[in-house]
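Start from the sequences and build out the full structure, keeping to the hints where you can.
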Amino acid sequence: MTALPQRAAALLLLAAALDCAGGSAGPTRPKTTAAPASSAPAPAGSKTAAAPAASGSVAEKAAPAPVPTSLEALSPRGQRLFAEAVAAHDDLEKQKVPMDWALLERRWRAVLDEAEVPEARYNLGVALEQQGRLNEARVEYQRARAEKPSLRQAAVNLGVLLERAGDLAGAQAAYAAVVRDFPEDARARERLAALYLGAGQLDEAWRLAREALLRDPRSVPANKVMIRVAEERKQLDLAKLIALRTAKLDPADPEIPFLTGELLKDQGDGAAAEVQLKKALALDPHFLPARSALLRAAVRSGRWSAVLENAQALLQDQPGDAAVQMALGVALRHTDKPDEALAAYARAEELSGGKLAAVYLARGVLLMQVKNACEPALEEFRKYAQAAGPVATTESPVLKLQRECEAILDENRKAVEAAREMQKAAEKKEGRAAAGPAPPAEDGAVPPTPAPVEVQ
379 MTALPQRAAA LLLLAAALDC AGGSAGPTRP KTTAAPASSA PAPAGSKTAA APAASGSVAE
439 KAAPAPVPTS LEALSPRGQR LFAEAVAAHD DLEKQKVPMD WALLERRWRA VLDEAEVPEA
499 RYNLGVALEQ QGRLNEARVE YQRARAEKPS LRQAAVNLGV LLERAGDLAG AQAAYAAVVR
559 DFPEDARARE RLAALYLGAG QLDEAWRLAR EALLRDPRSV PANKVMIRVA EERKQLDLAK
619 LIALRTAKLD PADPEIPFLT GELLKDQGDG AAAEVQLKKA LALDPHFLPA RSALLRAAVR
679 SGRWSAVLEN AQALLQDQPG DAAVQMALGV ALRHTDKPDE ALAAYARAEE LSGGKLAAVY
739 LARGVLLMQV KNACEPALEE FRKYAQAAGP VATTESPVLK LQRECEAILD ENRKAVEAAR
799 EMQKAAEKKE GRAAAGPAPP AEDGAVPPTP APVEVQ
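According to my numbering, the residues represented by the sequence shown are 379 to 834, in order.
None of these hints come from the bench; they were simulated from the model. These numbers were taken from a predicted model, which means no experiment stands behind them. Each hint should be verified, as a subset may be incorrect.
[Stated by the list, open to error] The calculated EDC-like cross-link candidates involving lysine to aspartate or glutamate, where the alpha carbons are at most 20 Å apart (straight line), are: (1) Lys472 x Glu462; (2) Lys715 x Glu687; (3) Lys749 x Glu789; (4) Lys761 x Glu782; (5) Lys626 x Asp581; (6) Lys474 x Asp662; (7) Lys618 x Asp628; (8) Lys612 x Glu582; (9) Lys778 x Asp788; (10) Lys657 x Asp628; (11) Lys526 x Glu582; (12) Lys526 x Glu492; (13) Lys626 x Asp594; (14) Lys612 x Asp581; (15) Lys761 x Glu789; (16) Lys612 x Asp647; (17) Lys612 x Asp644; (18) Lys657 x Asp695; (19) Lys526 x Glu514; (20) Lys618 x Asp559; (21) Lys656 x Asp628; (22) Lys643 x Glu589; (23) Lys618 x Asp644; (24) Lys778 x Glu757.
[Stated by the list, open to error] So the derived label-pair ranges between C-beta atoms look like this: (25) Gly544 x Ala751: 42 to 48 Å; (26) Ala721 x Gly767: 25 to 31 Å; (27) Arg791 x Glu687: 28 to 34 Å; (28) Val748 x Asp478: 50 to 56 Å; (29) Gly544 x Ala488: 30 to 36 Å; (30) Ala488 x Pro629: 37 to 43 Å; (31) Ala724 x Glu494: 54 to 60 Å.
Virtual Cβ for every residue (Gly too), placed ideally from N, Cα, C.
Structure below.
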């Protein structure tokens, strides 16, 4: 049998799983600096309101509006309620406990029950957004902006919210309005730059990132956009220089060593790239892009224990990732755990709804090369061909594997038939031997015929 080497076949299978599985699976390299919201703005009037944006986070954490002078016209009760709401936010932040957004929502609603205050309306929107109530938050941001057009934070957060909801055109329009109405704003330019980067408009992304840096020289998101643009333009030394500068601005941001690792990998220095990726995970063990990159590197080099480690870690954060389940199965197979590998393949098939074609190929290879079970392997190869389509099938080893399996089955059938013929011949020979030799006859004489026996 001249089947593909197991390691080469597994690499091909896993590459197909990681590159072709949709959405969450496949651990893929992000192309923009946008990330799910992980932090929220401090409330208007908070002493901590001027905290810088959390790097890599979509959520706007720029300095919100100061306590408005209109509060002086409020009743003493209104002023007290506003101050208590701000104090509640600051106390939770100082205690480093999870923010109680439901509590803050009630605090800001109490202020609004007393009087209409745009900053309170904006802060209510923040509390609603952090609870995932995006439509309600959008209404509050829009009302705050309508009541006070100078409330820049409401305009920026509206763009962030639209971006989170997947309305990129709406987000772009919201950010463009901020750029128009607030010429000195840096945050909206950061976000617009990231959107242009995601759309492949590198010149616009670079221009807006530079404009953001002119307004805020310590803007980490703007620097990240410039790193990506330089990388896309193959200006790797420039990208590394910007990454080095950005790391000094925020040493705790895991995305920066991740980006540095990607640049080193592009330059062919895999060992140095892996050091940077591990540094990103040391800063944040749940930073999935770095974990995914380490998984891909381990697959390429056939380090199956490392594949196991990184696949298991990814599945703790994303248990529904079919492609990573597939990677886990391949690693289990190469660490002499074929039954556990089959269980992982079954889980990957279930998670993908049968749409991850490579799992059939992987299972077929295992059945053929490890279990020596060609008939079920052929069934898996047929499933793969049906799921992958004719083009993908011709570019994979499945046709060769099918032919080899069919040849093995044909040889087995011929061997079985030959064994049966040999068994029949042996049995016939044994039957003649058991009957014994016939008595010899005299020369020229005819053997006597027995006389008939008369029945009395």
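Checked hints:
1. Lys472 x Glu462: 15 Å, holds
2. Lys715 x Glu687: 15 Å, holds
3. Lys749 x Glu789: Since the Cα atoms of Lys749 and Glu789 sit roughly 17 Å apart, the hinted pair holds (cutoff 20 Å).
4. Lys761 x Glu782: Judged against 20 Å, a Cα distance of about 17 Å means the pair holds.
5. Lys626 x Asp581: 26 Å, violated
6. Lys474 x Asp662: Judged against 20 Å, a Cα distance of about 17 Å means the pair holds.
7. Lys618 x Asp628: 15 Å, holds
8. Lys612 x Glu582: 17 Å, holds
9. Lys778 x Asp788: 15 Å, holds
10. Lys657 x Asp628: The given pair, whose Cα atoms are some 14 Å apart, holds under the 20 Å limit.
11. Lys526 x Glu582: Violated - the C-alpha atoms of Glu582 and Lys526 are around 30 Å apart, more than 20 Å.
12. Lys526 x Glu492: Holds, because 18 Å separates the two Cα atoms, which is no more than 20 Å.
13. Lys626 x Asp594: Answer holds: Lys626 to Asp594 is near 15 Å, not above 20 Å.
14. Lys612 x Asp581: Roughly 14 Å between the alpha carbons, so the hint for Lys612 and Asp581 holds.
15. Lys761 x Glu789: 24 Å, violated
16. Lys612 x Asp647: Holds, at about 15 Å.
17. Lys612 x Asp644: 9 Å, holds
18. Lys657 x Asp695: 19 Å, holds
19. Lys526 x Glu514: 18 Å, holds
20. Lys618 x Asp559: 34 Å, violated
21. Lys656 x Asp628: Given pair Lys656, Asp628 holds - Cα atoms ~17 Å apart, limit 20 Å.
22. Lys643 x Glu589: The hint is violated at about 29 Å.
23. Lys618 x Asp644: 11 Å, holds
24. Lys778 x Glu757: 14 Å, holds
25. Gly544 x Ala751: 42 to 48 Å: Between Gly544 and Ala751, where Cβ atoms are some 46 Å apart, the hint holds.
26. Ala721 x Gly767: 25 to 31 Å: Once the Cβ atoms are compared, 27 Å apart, the range 25 to 31 Å for Gly767 and Ala721 holds.
27. Arg791 x Glu687: 28 to 34 Å: Check failed, 44 Å falls outside 28 to 34 Å.
28. Val748 x Asp478: 50 to 56 Å: 54 Å, holds
29. Gly544 x Ala488: 30 to 36 Å: 33 Å, holds
30. Ala488 x Pro629: 37 to 43 Å: Since the Cβ atoms of Ala488 and Pro629 sit about 40 Å apart, the hinted range of 37 to 43 Å holds.
31. Ala724 x Glu494: 54 to 60 Å: 59 Å, holds
Hint compliance for this structure: hints 5, 11, 15, 20, 22, 27 are broken, all remaining hints hold.
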